[in-house]
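Following full-length UniProt numbering, the numbering of the sequence shown begins with 1 at its first residue and continues without gaps.
Wrong hints could be hidden among the right ones.
[To be verified] Restraint-style ranges between C-beta atoms, simulated for each label pair:
# : residue 1 : residue 2 : range
1 : Asp-185   : Pro-233   : 40 to 50 Å
2 : Ser-213   : Gly-317   : 57 to 67 Å
3 : Asp-85    : Thr-583   : 40 to 50 Å
4 : Asn-132   : Val-634   : 18 to 28 Å
5 : Asp-85    : Gln-368   : 48 to 58 Å
6 : Val-366   : Thr-518   : 18 to 28 Å
[Stated by the list, open to error] Heads up, simulated BS3-like pairs for lysine-lysine below, C-alpha to C-alpha not over 30 Å straight-line:
# : residue 1 : residue 2
7 : Lys-551   : Lys-41
8 : Lys-540   : Lys-570
9 : Lys-126   : Lys-226
Treat the hints as calculated values from the structure; they're not laboratory data.
Glycine is no exception: its CB is placed at the ideal position from the N, C-alpha and C atoms.
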Amino acid sequence: MNDNMKKLITSLFIISLTGLVACKKNSTNTTDNTVTPTGNKIAPDGFNFSTAKTVTLNLTLKATNGDPLSGVVVSVYNPANTSADASIFKGVTNSNGILSAQISVPASLTQIIIDPSYLGLLRSAKANINGNAVTATIGGATGYSGDIVPETITVASGSTSDVSLLSTGTSIVFAYPSPYTSTDDAVLNTTQFPLSYGVPKYLETTSDVISASLLKYVNASLPESKPLPTTHPDYIANTAVSTLNVIAKSDVWITFVAEGAGNLNSLAFYTYTTGNPPATEADIKNATLVFPNASGLGSGGGLSAGNKVKIGTFNAGTSIGFILIGNGWTGKGVNVNATKFYSDSKLNPETDATLQRHTAVLYDDVHQLTLIGFEDLNRQSSSCDNDFNDIVFYATSNPVTGISNTGVAPVDKASDTDGDGVIDALDAFPNDATKAYISYFPSQTGYATLAFEDNWPLKGDYDMNDLVVNYRYTFVTNAQNQVVTIQGDYNVAAAGASYKNGFGVQLPIAASAVKSVTGQQFLDNYITLASNGVEAGQSKAVIIPFDNSNKLISNPGNAYFVNTLNTLSKVQGTTATVLITLTSPIAQTTLTASSLNPFLISNERRGYEIHLPGYAPTDKADTKLFGTNDDTSVPASGKYYISKDNWPWAMSFNGSFVYPLETVKITDAYPHFTDWASSAGSNFTDWYSNTASGYRTTSNLYLK
1 MNDNMKKLIT SLFIISLTGL VACKKNSTNT TDNTVTPTGN KIAPDGFNFS
51 TAKTVTLNLT LKATNGDPLS GVVVSVYNPA NTSADASIFK GVTNSNGILS
101 AQISVPASLT QIIIDPSYLG LLRSAKANIN GNAVTATIGG ATGYSGDIVP
151 ETITVASGST SDVSLLSTGT SIVFAYPSPY TSTDDAVLNT TQFPLSYGVP
201 KYLETTSDVI SASLLKYVNA SLPESKPLPT THPDYIANTA VSTLNVIAKS
251 DVWITFVAEG AGNLNSLAFY TYTTGNPPAT EADIKNATLV FPNASGLGSG
301 GGLSAGNKVK IGTFNAGTSI GFILIGNGWT GKGVNVNATK FYSDSKLNPE
351 TDATLQRHTA VLYDDVHQLT LIGFEDLNRQ SSSCDNDFND IVFYATSNPV
401 TGISNTGVAP VDKASDTDGD GVIDALDAFP NDATKAYISY FPSQTGYATL
451 AFEDNWPLKG DYDMNDLVVN YRYTFVTNAQ NQVVTIQGDY NVAAAGASYK
501 NGFGVQLPIA ASAVKSVTGQ QFLDNYITLA SNGVEAGQSK AVIIPFDNSN
551 KLISNPGNAY FVNTLNTLSK VQGTTATVLI TLTSPIAQTT LTASSLNPFL
601 ISNERRGYEI HLPGYAPTDK ADTKLFGTND DTSVPASGKY YISKDNWPWA
651 MSFNGSFVYP LETVKITDAY PHFTDWASSA GSNFTDWYSN TASGYRTTSN
701 LYLK
């Protein structure tokens, strides 16, 4: 907005809280009354003031035998927030186990978190961004490769490597299998597998092959972060089998499949005569460690899916129970005094008997094995997710019929009701083949921000608060990573102007590619819509969420400067929720965040569009305005919306943006803005998000 006019209106407002309706910008005034930025151009030619970058993701998911894992829903996170509702992208692997995507992230980001949320694969894998790309494989023979960064292990202070020294506080005598007598003796300590990984020396030389079909069964039976009492209550019913019951003399092996835990858990086993289970912990005299650290490679440990241990030869009439030692691995040994959970429910610490079950035991007749899943937290704790997959392993025997399957619940064989290639357990719409999952930008709970100056083609005062729009997109997408519907939620955070500004978004698709648009908020009558709800007369699909910000937010008495003055109370506006239904599904790679083209409509003059630097106008823009006053747009060269001093009229942020107070230049609110701009975005990429000393002049920011 014109700086002198803003100061005039602000002064009048301080004198009186009413009577400002006559103070307006003069739309025909071509005199530059604004403060000229000091020094040379604020930024080098060609810089478009983008605070984000597009990262190309090339991801492959494989089973340990190399089979592609298709239909896996993958979430991507900013490492700063990995809560379930904070994913910045979702996609599904194709028939070759590949997911290719374009993901918008803050320019300051150097890593992302890739979470397949699929048991048998490395979870929440950290990956380096190299040259605006991430290329990675998760799974396969090595567990991971490419840009994946393995998780490091912190060795507990004062911990010991001798398990026997940690046994004094429990009646159970824990030991490694004979002939091993200590952690130093029983655990590998090599360059590939240092002691801190907790990989036992007594693994079988040949690991089992974990097939894609077995992993589907596992993920259908024990889906990540989904409570088993809801998905498969029969698995943990009081009558369900919770131990292994040997019915013929057998060799028995335990094979590691996956772990979905945040803890470095340890696994041990105990035995008793079938039908005579232990009544108390004291009834278990001895327990043998199977996996000192039941954590996957790259996830705090060194186990790979398929690693197996022969736990012994057992006579008929023997029952085998398991003990999960919660966070028992210290990096040097096993703390057997840590909280323990047992296959025999009555031994567990919950006071509610209905919550004492900690194992799910399932029989897989296809792969001829008994699958076991453990829950590693007290089930009366609010932090327990009850998914029973914190350690997942299976038992096999020789003879194969040596372990009873009588009364053992059958494994879920991964039904896909709608036949779209995504199993029901992972499908957000299991009965609708046209939809598979929901992705959000910037996240399910967060908002991205657009900040505008509205005086184009004249310079403004660069407080970047004439219109501030917070927005979120919800993409409903099918199993082929094609978008079916888009929901845009738009709310006005600030309107530091006297103009009546509207807001639009151009999509990178033809107007005819949209079936319908609903939810726009109109106050005035200068926008004409086509029958499908897009703006009429446009070759590309253009939606107008609101034609006048006053429809969504306004000060009492319609005074100017909404949420930009500390002298006024903060106003909460309403949200324009716009639903766009597409005529046919469109590839997710077409509808990326950076492909959407938002713009301000200045003071209800439809031809006065203000876009982000470098973004072309719509068909409705008055192109005669380019190159006039302070604008230096050259459409033939793809140069748009940059001033003579290389200032923008609009900026975009992938998250929240604390904008300056009225008439305060952005350089006076953010000391490193100039450093960032003058370096063409190379330096101080976090100039707006970093709250450390020297990054913000808080007295110049709107902080209500």
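- Query: Of the numbered hints stated previously, which ones are contradicted by the structure, given in increasing order?
  - Reply: 2, 3, 5, 6, 7 and 8
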